[in-house]
Amino acid sequence: MDEHKLRELVAGVKDGAVSRRAFIQRLAAVGITAPIASQILAWNDVAMAQASLAYKPTKAGGGGPLKILLWQAPTLLNPHFASGTKDQIAGRIFFEPLAGWDKEGNLTPQLAAEVPTRANGGLSEDGKVVTWKLKQGVKWHDGKPFTADDVVFTWEYAADPATAAYTTGSYTNIKVEKVDDHTVKVIFKEATPFWADPFVGVVGQILPKHHFGEYKGAKSREAPANLKPVGTGPYKFADFKPGDILTGTRNEDYHVKNQPHFDTIEVKGGGDAVSAARAVLQTGEFDYAWNLQVEDEVLKRMETGGRGKISAVPSGDIEFIILNTTDPWTEVDGERSSIKTKHPTLSDPKVRQAFNLLIDRDSIQKFIYGRGGTATASFVNEPKQFRSQKLKYEFNVDKANKILDDAGYKRGADGIREKDGKKLKYVYQTSINAPRQKTQAIIKQACQKAGIDLELKSVTASVFFSSDVANPDTYTKLYVDIEMYTTTQPQPDPERFLNQFTSWEIANKENKWLGRNVSRYSDPAADEAYKAAQKELDPAKRAALLIKVDEIFCEANVILPLLSRTRVAASVTNLMHDHSGWDVDTWNVAAWYRS
Amino acid sequence: MATYLLRRLLIAIPSLLGISLILFTVLAMAPGDPFSEMATNPNVPPEVREALRASFGLNDPIMVRYLRWLSAMVQGDWGFSFASRINVDTLILQRVPTTLFVVGTSQILALCIALPVGIYAATRPYSVFDQIANTLAFVGFSLPTFFTGLLLILLFSIKLDWFPFVYRSDIAASGWRWYWEMFRQAIMPITVLGLFQAASYTRYVRSAVLDVIRLDYVTTARAKGLGEKTVTLRHITRNALIPVVTLVALQMPAVFGGAIVTEQIFRIPGIGSLLIDAILANDTPVIMAVTFVFACLVVLFNLIADLLYGWLDPRISFG
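These protein sequence lines map, in sequence, to chains U and E. Residue numbers for the first sequence follow the working numbering, beginning at 1 and rising by one. Residue numbers for the second sequence follow the working numbering, beginning at 1 and rising by one.
Do not take every clue at face value.
Calculated pairs, DSS-like style, for lysine-lysine (alpha carbon to alpha carbon, straight line, at most 30 angstroms) [as the list claims (entries may be wrong)]:
(1) U:309 to E:224
(2) U:399 to U:425
(3) U:342 to U:300
(4) U:457 to U:509
(5) U:449 to U:390
(6) E:159 to U:300
Computed far set for chain U versus chain E, every beta-carbon distance over 12 angstroms [as the list claims (entries may be wrong)]:
(7) 62
(8) 67
(9) 114
(10) 252
(11) 283
(12) 309
(13) 403
(14) 413
(15) 419
(16) 463
(17) 468
(18) 470
(19) 537
These are calculated hints, taken from the structure and not from any lab test. Given the structure is predicted, the values throughout are model-derived calculations rather than measurements. Where a beta carbon is used, it is the ideal one built from N, C-alpha and C, also for glycine.
When you get a sec, could you build the whole thing from the sequences and use the hints?
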C-alpha cells in the first residue's frame with residue numbers, strides 16, 4: 001500500500017466514510033498489523049475504539065470461581081522478571097499497565113485516564129514527548145493511592161541494568177518525569193513513532209513504589225512482593241505455589257465499576273496442551289486454557305461435545321523458513337555460516353525461487369494448522385497496515401522444475417539435481433513439535449518431485465531456542481541449509497521486530513550469535529528503509545518503509561513466510577472472554593464474565 | 001551396631017560427594033541455558049542477558065561453580081531457582097507432602113494387594129488362582145504407567161465423568177468435604193502407581209514364599225500338627241518377608257522416580273513434576289538439588305535395607 005492511499009484511507013476514517021474496523025482490515029490485507037493501524041489512526045487524531053468485549057454484569061462479584069489452566073505453570077509473579085508468557089499472564093491478574101492492546105490492536109486505557117493523542121495534548125508535535133494522564137482514585141491492593149510516583153519508579157526500576165528486568169529494553173533510552181500526582185511525561189531521545197511501548201501492555205505493568213522501592217537494582221531478587229504481589233488489578237493475591245497453582249480473590253476496590261465478575265481466580269499449571277484442551281472442552285474442569293498448539297483436527301473432535309469452544313485471534317507471530325545463503329558446511333575463522341562464505345547452491349536466487357514454489361502453504365494450513373494460522377507470503381501480517389499487498393505465494397511444482405531446468409540444474413542418476421558437481425541436497429532443521437515435523441514432511445515430498453533432496457532434522461526446543469554459545473544446534477547459529485520456526489512479534493508496531501532484517505543485527509561469532517538477523521542476508525536498501533522508518537513520524541510513510549524492508553527479504557526468497565499464526569484458546573461455552581494477540585491472555589481479565 | 005552405622009555414614013560422605021560432582025559437571029556441560037526464552041525476545045538487549053549470566057555465576061569455570069555450590073550446600077543454602085528466583089529448599093518442601101501422600105499411599109495399596117495374593121498363590125502353586133494372578137501380574141508390570149494413566153483418564157474422567165484428572169494441591173473446601181475431594185482426585189494416580197508396583201511385588205512375594213515353603217522347618221511345623229493357617233502366617237510368611245522388606249526399601253527411590261511420569265499426566269505438583277519443569281527450563285539449581293536428593297535417598301535406603309536385613313535375620317552380624 002503506498003503512502004498516498006494510506007492517507008486517503010486515514011482521511012476516510014476521519015470523515016466517517018470508512019469505519020475503523022474496515023480501515024484496519026484494509027491495512028491488514030496489505031500486511032500491516034492491527035495495533036500499527038490503530039497507531040496510525042491515533043497519530044492522525046482518530047480516537048481509539050473502545051474495548052471490544054461488551055460487559056453485561058450489573059454488579060461486581062457473584063460469578064463464583066474462574067479457573068484458568070496453563071499447560072506451562074507460572075513460576076514468578078513480578079511482570080518485569082517474567083521470562084515467558086505464562087508468567088506475564090499470571091502477573092497481569094494483579095498488576096496493570098497504563099494501557100493494553102485489544103485484539104484489533106487498539107490501545108485501551110487501563111491505569112491511564114485516556115489514551116494520549118495529539119488532539120488532547122498527549123503527543124507532542126516533534127514526536128519526542130508523550131504525556132499520560134493517570135486515572136484518579138485508583139488504589140493499590142493495600143489501600144495506598146496509585147500516583148505518578150509509582151509510574152516514575154517503575155521506569156527507574158526497569159531501566160536499572162542491575163535489576164536485570166526482562167522489560168528493560170523498553171525503558172533504557174527514555175526519561176520519565178512527574179508533572180503532578182496524576183500526570184507523567186515520557187521523553188524520548190529522538191522522535192519516536194511507536195511511543196506506546198513503555199508502560200503499555202506486557203512490558204508496561206506498574207509496580208508500587210512503596211513495595212519495591214528498596215529492592216531496585218542488585219537487591220531485586222529479595223523483594224517479598226515478587227512472590228506476594230500488591231497491584232491495582234482486579235484480583236488480590238491469595239496464594240502461590242511456583243510451578244503449580246496461583247489463587248486470587250476479588251479486589252473489592254477495583255477501579256472499574258461493576259468489575260470483576262468472578263469472586264476468585266485460580267491459575268493452575270502443568271501438563272501438556274492436548275490434555276489442557278481436554279480439561280476445558282471435554283470435561284469442563286477448567287474454564288479457560290491458553291496457547292493450544294494442537295492440531296486443529298484434534299481440537300475439533302473435542303469441541304463436538306458442546307461443552308467448550310475454541311477461539312483464535314490474530315497475532316504477529318509468524319512461522320517461517322530461512323534459506324541459508326551462507327555456507328554452513330565450511331568453517332571460516334571458527335565459525336560456520338560465516339558471511340564471508342557463499343552457499344554453493346542456495347546463494348543462487350533461482351534455486352531459492354524454485355524452493356519457495358515447492359511449499360504447499362494451503363495444504364499446510366488446511367491439514368496441519370487449521371485455525372492455528374493463515375497461509376501467507378508476508379513476514380509481517382498483523383496489524384494489517386503493515387502487511388505487504390504485493391507479496392503472493394504459489395505452489396507449483398512444474399514451474400519450480402522449469403526454473404531449475406532453465407538454470408542448468410540437471411537430474412542425476414539418483415533423481416537429484418546438480419550443477420557443476422553441486423547437488424541440491426539440504427539439511428532442513430526445526431524444533432521438535434508435531435505440526436513442524438508434519439510441515440517438514442509435506443515440503444520434503446514436494447521437493448522430491450523437483451529433484452531436491454531434503455534431510456530432515458529436528459532439535460529439542462530447549463536446545464534449539466537457547467542462546468547457548470557452545471551448542472551448534474541453536475536456531476541463531478543456523479549451521480544447516482534450511483531452518484524453520486516461529487518468531488513472536490511482541491508489539492503491534494513491527495519496527496523492533498523487523499530489526500532481524502538489518503545488517504548490523506547479523507548473528508555471528510563476535511556477538512556470540514545473539515544478533516537478531518539469523519538469515520545473515522542483508523541488503524543496503526533494507527537497512528536504509530529501516531533507518532528511515534525509525535525516524536519517520538508520518539505513520540503512512542513509516543508503514544510504507546517498514547513494508548519495503550519486509551518485501552526486500554521475502555522477494556529475495558531468503559525469508560519464506562508460511563503461516564501467520566493465531567493465538568488459540570479454549571473456553572467453556574458460557575465464559576465470555578477477550579484474549580488478544582497483542583497482549584497477554586489475561587490483559588482484560590477484569591471484564592470476563594459468565595453468561 | 002553403632003560403629004557399623006557410623007562407618008556406613010562415613011562411607012556415604014565421599015560417595016555423595018562423588019555423585020554431586022558428577023551431577024554438577026554433567027549439568028554444567030549439558031546443552032541449553034536458563035535464559036533461552038530471552039533469546040527470542042527483541043526487548044531484551046544482549047547486555048542484559050550477559051549481566052544476568054554473570055550475576056547468576058554462569059560464566060565462571062565449572063570447578064569454581066561446583067565449590068561455591070558445595071560450600072553453600074554444606075551451610076544449608078540450596079541456592080535459588082533461576083526460573084522463579086525463589087529458594088530451592090522452599091520449592092522442594094512445597095512439593096514433598098504431595099509426593100509422599102501419593103507415593104506412600106500407592107505403596108501401601110501395592111503391599112495390600114501383593115502380600116495376600118502372592119502368599120495365597122504360592123501356597124497353591126499352579127492352581128487356577130496362581131495362574132490368573134501370575135498372568136495379571138505379568139500384564140500389570142508390562143503396561144507402562146503413562147499408558148494406564150491415559151486409559152483411566154479416558155474412561156473415568158471423559159467417558160464416565162467420575163473423577164477429575166487435574167490434581168490440585170489446594171482444594172477450596174474444608175472438613176470432610178476436603179478429605180473427600182482429596183481422595184477423589186487421588187484415586188486414579190494412586191491406582192495407576194499402586195497396581196504397577198503391586199504387579200512386581202506379587203511375583204516377588206510369590207517366589208520368596210515358594211523358596212521358604214519347601215524348607216525343613218515348615219515340614220517340622222506341619223508334623224507338629226499345627227494348622228495350615230498358623231504354619232503359613234507364623235512360619236512361612238515371617239521368613240519369606242525378609243527379602244521382600246529389603247526389596248521394598250531399595251525400591252523407594254525408584255518409586256519416586258517412577259512417579260515422575262504419573263505426576264506429569266495427572267498434573268500432580270510433586271517432586272517429579274518439579275524435576276521435569278526444571279529440566280525443560282534448564283533451571284540448573286533445581287535440577288541439581290532434586291537429583292541430589294534422589295541420590296541421598298538411594299544411599300539412605302540402601303543403609304536402611306542393610307540394617308533391616310540384620311534386624312530380621314540375626315545370623316547377619318554388623319561386626
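We went through each hint and held it up to the structure:
A C-alpha spacing of about 74 angstroms is found between residue 309 of chain U and residue 224 of chain E, which places the hinted pair above 30 angstroms, so the restraint is violated. For the given pair, residue 399 of chain U sits about 19 angstroms from residue 425 of chain U by alpha-carbon distance, which is consistent with the 30 angstroms threshold. Proposed proximity of residue 342 of chain U and residue 300 of chain U is contradicted: the alpha carbons are some 46 angstroms apart, above 30 angstroms. This hinted pair checks out: residue 457 of chain U and residue 509 of chain U have alpha carbons roughly 23 angstroms apart, not beyond 30 angstroms.
Among the hinted pairs, residue 449 of chain U with residue 390 of chain U is consistent with the structure: their alpha-carbon atoms are about 28 angstroms apart, no more than 30 angstroms. For the suggested pair residue 159 of chain E and residue 300 of chain U, the alpha carbons sit about 17 angstroms apart, so the restraint of at most 30 angstroms is met. No beta-carbon of chain E comes within 12 angstroms of the beta-carbon of residue 62 of chain U; the shortest separation is about 16 angstroms. A beta-carbon of chain E comes within 12 angstroms of the beta-carbon of residue 67 of chain U; the shortest separation is about 9 angstroms.
The non-interface label for residue 114 of chain U is consistent with chain E: the shortest C-beta to C-beta separation is roughly 26 angstroms, beyond 12 angstroms. No beta-carbon of chain E is positioned within 12 angstroms of the beta-carbon of residue 252 of chain U; the least distance is around 19 angstroms. With a minimum CB-CB distance of about 6 angstroms to chain E, residue 283 of chain U fails to clear the 12 angstroms threshold, and the non-interface call is violated. Residue-level check passed: residue 309 of chain U sits 18 angstroms from the nearest beta carbon of chain E, beyond 12 angstroms.
The beta carbon of residue 403 of chain U is kept farther than 12 angstroms from every beta carbon of chain E, the shortest such distance being approximately 33 angstroms. With 12 angstroms as the threshold on Cβ separation, the claim that residue 413 of chain U sits away from chain E holds: the shortest Cβ distance comes to roughly 39 angstroms. Residue 419 of chain U, annotated as away from the interface, keeps every beta carbon of chain E farther than 12 angstroms; the closest lies near 36 angstroms. Its closest Cβ contact with chain E, about 5 angstroms, brings residue 463 of chain U to no more than 12 angstroms, contrary to its assignment away from the interface.
With a least CB separation of 5 angstroms from chain E, residue 468 of chain U falls inside the 12 angstroms interface cut-off, contrary to its annotation. At the 12 angstroms boundary, the C-beta of residue 470 of chain U falls inside the reach of chain E, the nearest C-beta of that chain being 8 angstroms off. Non-interface status of residue 537 of chain U relative to chain E is upheld: no Cβ of that chain comes within 12 angstroms, the nearest being about 22 angstroms off.
In this structure, the hints that do not hold are numbers 1, 3, 8, 11, 16, 17 and 18, in rising order.
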